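Each chain, written out:
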Amino acid sequence: MAAQEITYRDALRQALDDAMRDDETVVVIGEEVGRYGGAYGVTKDLIASYGEERLIDTPISEPAIIGAAVGAAMTGLRPVAELMYVDFLGLVMDQLANQAAKIRYMFGGQIGVPMVVRTQGGTGRSAGAQHSQSLEAWVMHTPGLRLAMPATAADAYHLLRHALTLPDPVVFIEHKALYARKERTDLAAPVAPWGQATIRRAGSDVTLVTYSRMVFTALEAAAALAERGIAAEVIDLRTLNPLDMATVAASVRRTGRAVVVTESCLTGGVAAELAARIGEECFDYLEDPVIRIAGEDVPIPVSPALESAAIPQPPVIISVVQRMLRR
Amino acid sequence: MAAQEITYRDALRQALDDAMRDDETVVVIGEEVGRYGGAYGVTKDLIASYGEERLIDTPISEPAIIGAAVGAAMTGLRPVAELMYVDFLGLVMDQLANQAAKIRYMFGGQIGVPMVVRTQGGTGRSAGAQHSQSLEAWVMHTPGLRLAMPATAADAYHLLRHALTLPDPVVFIEHKALYARKERTDLAAPVAPWGQATIRRAGSDVTLVTYSRMVFTALEAAAALAERGIAAEVIDLRTLNPLDMATVAASVRRTGRAVVVTESCLTGGVAAELAARIGEECFDYLEDPVIRIAGEDVPIPVSPALESAAIPQPPVIISVVQRMLRR
Amino acid sequence: MTLDPAKPQRISSQPAQPQSAQSQSAYSPRANSRLWEFYRTMRRIRCFEERVGELYVRGLSAGSMLHLSIGEEAAAAGVCAAMAPQDSFTTHHRGHGIFLARGADPNRMMAEIGGKAAGYCGGKGGSMHIADMQLGHLGANAIVGGGIPHVVGAGLSYKRLKRDAVSVAFFGDGAMQQGILYESLNMAALWSLPVVFVCVNNQYGMGTRIDRATAETDFTRRAAALGLAAAEADGEDVEAVHAAAAALIGGARRHRPAFLTVSCFRFYGHGRMDKSPYRTADEEAAGRRRDPVARARVELIARGLTDAAQVDSLDAEIEAEMNAAIDYTAAAAAPELAAMFRDVFAPGEPAPEPLADRLDRLLAEA
Amino acid sequence: MTLDPAKPQRISSQPAQPQSAQSQSAYSPRANSRLWEFYRTMRRIRCFEERVGELYVRGLSAGSMLHLSIGEEAAAAGVCAAMAPQDSFTTHHRGHGIFLARGADPNRMMAEIGGKAAGYCGGKGGSMHIADMQLGHLGANAIVGGGIPHVVGAGLSYKRLKRDAVSVAFFGDGAMQQGILYESLNMAALWSLPVVFVCVNNQYGMGTRIDRATAETDFTRRAAALGLAAAEADGEDVEAVHAAAAALIGGARRHRPAFLTVSCFRFYGHGRMDKSPYRTADEEAAGRRRDPVARARVELIARGLTDAAQVDSLDAEIEAEMNAAIDYTAAAAAPELAAMFRDVFAPGEPAPEPLADRLDRLLAEA
Ligand SMILES: Cc1ncc(C[n+]2csc(CCOP(=O)(O)OP(=O)(O)O)c2C)c(N)n1
Ligand SMILES: Cc1ncc(C[n+]2csc(CCOP(=O)(O)OP(=O)(O)O)c2C)c(N)n1
Ligand SMILES: [Mg+2]
Ligand SMILES: [Mg+2]
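Chains as they are written, first to last, in my numbering: chain A, 1 to 327; chain B, 328 to 654; chain C, 655 to 1020; chain D, 1021 to 1386.
Hints may be right or wrong, so weigh each one.
Reference excerpt, derived from the structure (chain A facing chain B, CB under 8 Å, subset only) [to be verified]: (1) Lys102; (2) Ala129; (3) His141; (4) Gly269; (5) Val270; (6) Asp297.
In case anyone wonders, no lab produced these hints; they're calculated from the structure.
Please read these numbers as outputs of a predicted model, since none were measured by experiment.
C-beta atoms are modelled at their ideal positions from N, C-alpha and C, and glycine is treated no differently.
Input sequences plus hints: build the corresponding full structure.
Quick look at the structure:
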């Protein structure tokens, strides 16, 4: 298969399509996943190929959707539960964190819960405080859950395909502002394996560590920095569990400087974990403190002007790096 | 009032009693808070003084309990909602994080939600994976929520009293293993103000930063270290929002070394935020990387032997500090 | 009208109670019917929502999450007319009409939908988070079912503080499948709270017709099984809705919690982008024939309460008012950037440190 | 017996269906009644739970969170006897009896309750998290209502994979007020799943009697209002429970989801520390008179199915078995420390790094 233009949305759809074709036990369950084709169109038309038995439209009952997926995963199916917005995690953390994540452990390894929760988060559509959050930190703090946050269409495809082979529950967080993003790629070409970070741009002056949509924000900043003669390395983590600290630490040891960029609000976010680990593992190599550039510690305001000001934009990254390097 | 022996449980009870006496709008709502007196006995006998109208026993409906408290707080009451175990946050994060925390902001400052969610967490009773967690990180990552985690009986009293005067929602996490802990104290004597950390033991070689039950674990380690000639300073944060970084940073700048100790599991926990901030704010003063000693990244096993091995104990702190200081 | 929880009532059409007219308009054709007032409320909602659609097309709305209540005007007008000034309410994400029926200022509503500083929430809430404490609006909600338990809390307050107020939760048929509804219904019944739950059953939750969301579409049985008074009203007939609401709200004021489901039809898509491909043109046409605004107009004239010219004149007045709201919104200023850091906590309380300040601090030190 | 969701049935006592006896004991007094088998199951549960109490007193239990099902034996025995080997189930925190009725090994159960490596979950689960995939036990749960939706998922699997199995959720009356129950009931009805919901109504959720948790204590109406077959059975009468369960599980196997509530009484406190000060001695005495084990014994003898000596002999045999379980537990080894890091993820998958390893790594580098 040759390279072709494909959107993040279509790559996800392709992954579901291929997985459902290859594995009869894969079912998709969630609100509007069937006839409607998904609130963001990811499951569009799949119902035509796989029917209502495998694209299961549900009532608006998030806790029971995740709970049903848990039960289905324990009894022979491999459910992909779609949570329409990551903001609805607040409704399902019990089923996710107390049930799905702990069942293998509590039951002494008797059984696993091979399910994927697909959801999407982030800002970009003025969707307001209850539909724009980045809540991956809650998931990352739950032992027993895997966590993937793809930035590119190729990763969207491959990480989802891999997630659908894993023996344990995976939370798969897409970004609403990426669905329409196009990329020229050959989905048949391999990407880095699950659990391994990718260096999206090489550089020797500073390491920008990020994931999901902020990869592109960081790349934009890196391009601007390059014009000013500063070589920033951009690392896309791709999965937060497993977390590939080896790649990050190797880079920071080379560059001596690290900036962590996340869209989620600062305090208690994933940026803290990354900064803490870099601090622990690269202490003797750091020229400057690890700087976190994250969302403001506020709910996301609906006003478009405030919304985009609430999350990191390229200029702040550029400015931080310039100030760190004193040029 | 002279100093007297008082348990953490009774100090909390006294705070509720005094607040209810002083403020007619304070009501306690939750499972078994009335006739039963609270699953851990904190509200024992209060119903005799304040009646069923103010000690409101509820059905087992956590989401609606927190949701009702939100509505009550918006209309003139000051509810104290008891969530029997912090593990049940998974059921109520929507009402807590999407509603209580965001209402003032989303509504442009028109109204606040002056409520307190009292709950308890932690290990120590072999209560198993779904009744032993430390989930403060989820709360800390939610803009709009205050977060208190008292270690001592005196703080239990004063922080709860203060929480019951605040205009915004407070999550107040007690520790199940502390309820029976006795302390000689005069509840009328002032403690440090809300939002300010307290140095529980002064020392110049290393700063141990912690809160809740781990304060005592750290103090035990500090005492043992003292016998070995090492002076560890122990900081009890008391509240995580507000977070008193000034006290922490001042200490770490003096000692040059920081160890963060939390019972909650490592990855994505509060220890990461503290380590990241110390790294940012004390970079030039640090002799060693900030080391996090936290719970294992596993669900809490029920076996008593495994349970206590899953969370930090004094020996690991002692060993880390000794290795840091190379003595 | 007595309501027995064990026997849910269906109220399809009842004559309106003679009451003093409360029309705020210059036109008051008959003093002994509220239909004119109801019509005016409904027409204003219809017109406002059409203008919201225009706002979106003109790129003046904050985002695309706009849920119009066209077709549901009778639920809003009928229930709100039965509420007292001291009562409060919460709404779902499709709550513009309800708030207008309660007396909202269209300018400030439209400005909020446009994310402007002059909006009800200073532009930080938007369409799905409009609220106004003055009018007892405890808040719209973007979480299906999210606002339902808040009225239980309000009911607790009113009961304990001995206030003569009722709190009303509005939500859609989709929320009938959210667990928190049952918990809330149960608490209200258990504690005999002054609370009414109103389901605006527009037959659809996004692309899912109710019969694909539940096997049992008679919602009154669920509420009755939990011990509430329960009734269903025909959302094409604003007087029927009002009569049912008045009875239930009256009961709730005497601490008899209640549930009302209003059957209507969502005329357009779920949101502005949704062209409803999941339903047939026939179904849509039939649904749109259940038009409470058109029916009220016909009734008004048929009963001789007014004539076509007067109605047209009122319509034109409303049209002008709503057009002005668009202009108001277009001209209004965006919130200043500093507003972002306000209202996370109360004024005077420790506030979050802005990223820029923090970076300045850290990089100055470094 | 046909069950109409619109008319919930009360089944107080029905003659047991003649069936081939399946007693695993040496004693089979009558081949045409299952009462002897039911008695044996119930007696084993009663005795096991008494021994669990002893385990606690002797300091051999892992923690104090032990919820005994004494008084509820008929629900466990009656329902489990109506399940087929390929069926599955989840239980609440008071699930020892149910699992024993399903055929659990008392040694491995007791060892799990003691947090020992020989327990069903290697000592990592404990009393509230016993599970066994071999016997279709999808897990006990410490979250009230937490295991209920899992049977919906199991039902989905069975339907899709065309397996002839039913999944049964057991939970308490307290869970009747948890929202997730309604969501689960609705899904089961909507999708016609092979699922049965069994409420073990022991009248109390901790210190709260059901009439203080809900205004409407006839739970069958709730399930019926969502479209399920619904029945109530008398938990003093194991044959009545079995008859109702057999009918409902049979229906579920033909994709008619169902709800059964079994009325019984929690003889002792909520947990081992609870002395039930919130209820009177009279109420407790009356409740304990509703003893399904005692009643079955009387019935067995009265009907001439056996005699007192045979029953006593069976009791003694059971007593010895359960005493042995304590000895087994006392002698069993605690899990090795390394077990802590296993089973967070599947074998061979990246596992969490133990704190000690991480510290060694970091401090070696520093
Ligand atoms: C908890 C939650 N789940 C899902 C959604 C996405 N969503 C928004 S509106 C809607 C449909 C709601 O249907 P209904 O309650 O009938 O209200 P309507 O839109 O018809 O007015 C859905 C699924 C949401 N906002 N919140
Ligand atoms: C979600 C949740 N809320 C509260 C508790 C605490 N709790 C444990 S058992 C129980 C009572 C449950 O009553 P019921 O469902 O009737 O079961 P029973 O104990 O009577 O068997 C409560 C409140 C819990 N474990 N989980
Ligand atoms: Mg609807
Ligand atoms: Mg009970």
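### Query
Which numbered conditions among the earlier hints are violated in the structure presented, ordered from lowest to highest?
No hint contradicted; all consistent.
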